[in-house]
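In the order they appear, the protein sequences are chains A and B. Following numbering that gives the first Met the number 0, the numbering of the first sequence begins with 0 at its first residue and continues without gaps. Following numbering that gives the first Met the number 0, the numbering of the second sequence begins with 0 at its first residue and continues without gaps.
Treat the hints with care, since some could be wrong.
Identical chains blur together in the list; that is why a pair holds if it fits in one copy or across any two.
Unchecked claim - Derived SDA-like pairs (lysine to any residue); straight-line CA-CA distance at most 20 angstroms: (1) K99 - E522; (2) K574 - G504; (3) K457 - E316; (4) K257 - I414; (5) K324 - A247; (6) K299 - K377; (7) K573 - I585; (8) K101 - E522.
No wet-lab data here; the hints were simulated from the structure.
2 protein chains.
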Amino acid sequence: MYRSHTNGELRINNVNQEVTLCGWVQKTREMGAMTFVDLRDRYGITQLVFGEEHTKTAKTLGREDVIQITGKVIERESKNKNIPTGEIEISVTQLTVLNKSKTPPFTIEDNSDGGEELRMQYRYLDLRRTPLRRNLELRHRLSIEVRKYLDSLNFLEIETPYLIKSTPEGARDFVVPSRMNPGQFYALPQSPQTFKQLLMVSGYDRYYQIVRCFRDEDLRADRQPEFTQIDCEMAFVEQEDILNTFEALMVHLFQVSKGIEFDSFPRMSYADAMLNYGCDKPDIRFGMTFNYLTDLVKGKGFAIFDDAETVIAINAENCASFTRKQLDELTDYVKRPQVGAKGLIYLRCNEDGTFKSSVDKFYNEEDLKRWATQCNAKAGDLILVLSGETSTTQAQLSALRLHLGNQLGLRNPDIYAPLWVYDFPMFEKIKTPEGIIQWHSIHHPFTSPSEKFKNLTKEEILQIKDLNTFTAQAYDLVINGTEIGGGSIRIHDKKTQSIMFELLGFSEEEALAQFGFLMNAFEYGAPPHGGIALGFDRLCALFGGQETIRDFIAFPKNNSGRDVMIDAPATIDKKQLDELSIKVTI
Amino acid sequence: MYRSHTNGELRINNVNQEVTLCGWVQKTREMGAMTFVDLRDRYGITQLVFGEEHTKTAKTLGREDVIQITGKVIERESKNKNIPTGEIEISVTQLTVLNKSKTPPFTIEDNSDGGEELRMQYRYLDLRRTPLRRNLELRHRLSIEVRKYLDSLNFLEIETPYLIKSTPEGARDFVVPSRMNPGQFYALPQSPQTFKQLLMVSGYDRYYQIVRCFRDEDLRADRQPEFTQIDCEMAFVEQEDILNTFEALMVHLFQVSKGIEFDSFPRMSYADAMLNYGCDKPDIRFGMTFNYLTDLVKGKGFAIFDDAETVIAINAENCASFTRKQLDELTDYVKRPQVGAKGLIYLRCNEDGTFKSSVDKFYNEEDLKRWATQCNAKAGDLILVLSGETSTTQAQLSALRLHLGNQLGLRNPDIYAPLWVYDFPMFEKIKTPEGIIQWHSIHHPFTSPSEKFKNLTKEEILQIKDLNTFTAQAYDLVINGTEIGGGSIRIHDKKTQSIMFELLGFSEEEALAQFGFLMNAFEYGAPPHGGIALGFDRLCALFGGQETIRDFIAFPKNNSGRDVMIDAPATIDKKQLDELSIKVTI
């Protein structure tokens, strides 16, 4: 061992001990004949004092040099109350430079002077910074706690294969050419979905795995081509059992890692979430729920409202004093292409009880008062109104609500508001690039319909007018407006599964080719089962109080899917390509 | 919840309780008006009794049907002491068939009637069998214990990427075409070697990960293209620290999972292992070590020995009574192509003190007595001798030794004999297919030479005559003749690393292209570090008392790298290939 202690370990009661420490030179300071060095490792910082006999060498130490010292622990004269080792320092008697360091391209401080790209390129240096280290420590601690908790409930962690089969469902697969089976490819799993269902068929009634998943998507901000999920499945359970089990897991994690106690999480149907928040993952840290003014505002000659399918308002409490500029900024916000509204109507509920709106021309004081009543607005509040096609308007107003929530400081990252959203619809209709309307699973094609729809025939299902009312036993865990996970009760009988595949436009042949092994398995005694998957990167970021996942992953990729540190992906030898029986076509 | 209890849970003190159970029908037996059903789940088997009113339905139950029953726990008349629930049975009042099962293609019993291939195809049914379930439970338990133990020592589990960069070193990489970076490929890691070394540079001085690794090798028996390892690395340590740390981990695992106590593991240098066992992973559950007769046997006119570089013998104790047929079988064994000896010389030490050898023509009683003395043989023992080029003869005799060990029952899977082998050579010379002699890393190119060789120049190294004497700080953990893991102290300075790359025939350009990021990282304060990786599949098999890893992996691949259950790998759409800018060339 190169050291007797770490740099976070020594306290006042170690005074007079001889110790050996190792670490990186954080900084050096000269004071007369003495040199002070802050020595850093993963555990903390310890101050070293070099007296006259060593100060000459000490002066030559540069930032990030790796050294080993031996010396005596002494009490500091001026104590540093900010660090746990701040009461002592080491009077150095021996110094060995283990490795010199070039000057790092950015400072290894809590707030580095390095830009994003430079820090990604030198990720191994960026990871030395305390904030990143704390993130990875948090990640480790959470994974340990997840496993400990699920193990205590008799869940088995079972590893599933990474070299599997490509499926046409959902996002694009990464594929892996097989040298031993020329012309054939493995796929990397987007999730272990089918394997965990097979494990239920095998009788492993409580399965989990902290597992890497892969999706070859065009990367939006804060998506990674490889990500980690806590993947879980249970047999002989109903939706209620799954919600309770994983709510208890989350309560445990909040308790041990944040010291926050939760009794239980609120629940909201998908329909209510859309109605009141315009969004299936509402941030319920603040109210500002939707008020439908459609019937109130029609027939007063204001064409925009008259022509709209829906008119919805939110009440920004105590914001009547917003300036023209602030209102213009909000209007600009909703008009940006990402939101896509045509304009924003406001109604100020003045402190004196009068009203001032941007549509005073069409609505009198009485009309506006009715708006305010509908919105539960009081004097001093500001009502903001959008209109148009229902689902579009809901989405736009949801964006505005979150924007205002940020602006008004209602989204404090230290406050956690978990929520179960349930009763998701089974399907949505999407238009293919070729203009064909296709049914598409909201969750995935193994999701069970809600109890009351369970025994419908294909023909009965096709007669359902509003597809949103055809609900599934599917649920999401949402925290602070972020979807942390989701799952469903699965179909466990072949008949229902066949109907669903038909509705999704899989021919029997395609379904058999892709999922034949699962459908076959279902004929050999599949138990009722269901599960959930939680995004582990996202969960870590949330518990770390941050929005982006990148700094909770040791070696993330950039938005082009590149690892700029190792410079991957890269070209490979022709010999390698030949062995794999493939050719690059560009 | 579909059940109140599992099938392994009910005991005599539950009598009179009303319970609801779920599970699979293991078997049914009719006895007059009654029907008995063994109901199985992951936790055990519970006997159900259907009285007159339900026996009609009960009789229709087939093997592996999934049912739910409600009934009263009653005491059994004839108790079954072999199972924990054997004192009770359930008098069923309500039966629901949750899912019918087709007749499974093989029996779900401890010893199934299904062949290997059929069971692989229906792996989800094979996994229902108790022996496989126990294997996966053992695997889960070991992974929990590994994590718990390493966590208690401040090791952090840090996930490293699976989409990395192809390296020319060692086995073939699996590659993944990048759609977003056309013509470029990721590689799947053969191990997280470089990332764990980067983490040491980053200051995470105790890292581990239970991680999947990938190797596109022609699969020998009991190799898998994807396998799991316990990957570990430490900084500011010497070889001794690593051996002690992971010996303690293994001692812990033996204790908690097998109830076996170890104080410490014996250690043996690579040179001694080769000398005494002819093998770098000796099975030390039994002796039968090598005796070198070379000097004793020369010059007596027996040309085979006279021409041999080395003559080595083992002493099979108490085997003088081996029949002619048994000796012929041993001769056939060493002559098979996998072993490759030309013949086998024996010497019987008869009970009456006389000797009988297959070379009596050349050696008199006095000569043979000297052989026996050299081999520590006593009356009743059998000496077996091979000769030829030293390393070839060692390997052949090692094979014979293990073969005899098996034959004589000296390799009991319930006895565990762990061993550290250390001081491996740095390099071996191999001949390329083109006939060029190349230096090749025995461990890997980041391995540090032993202390005494650390500061040699390239020229000094090239002057070392016997490459085997140029040792590395590399070590293997061997248990019962199986390599369970290995590791090394790494090179942490760029200068030594450059010399090693040169010796391995990497041009500076190649080394930079492949490992540039690591060599760069070493310039920014790399600490002294080293590590180890343990084969987790192999470890599980060993603790499970079995030789093959396949049944310790939930969904393994066959010897052609195929998953016959899901039928992967498979062809993919032309559209998918086009998007990836690749073409199949066969």
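- Give me the numbers of the hints this structure contradicts, sorted from smallest to largest. 3, 5 and 6
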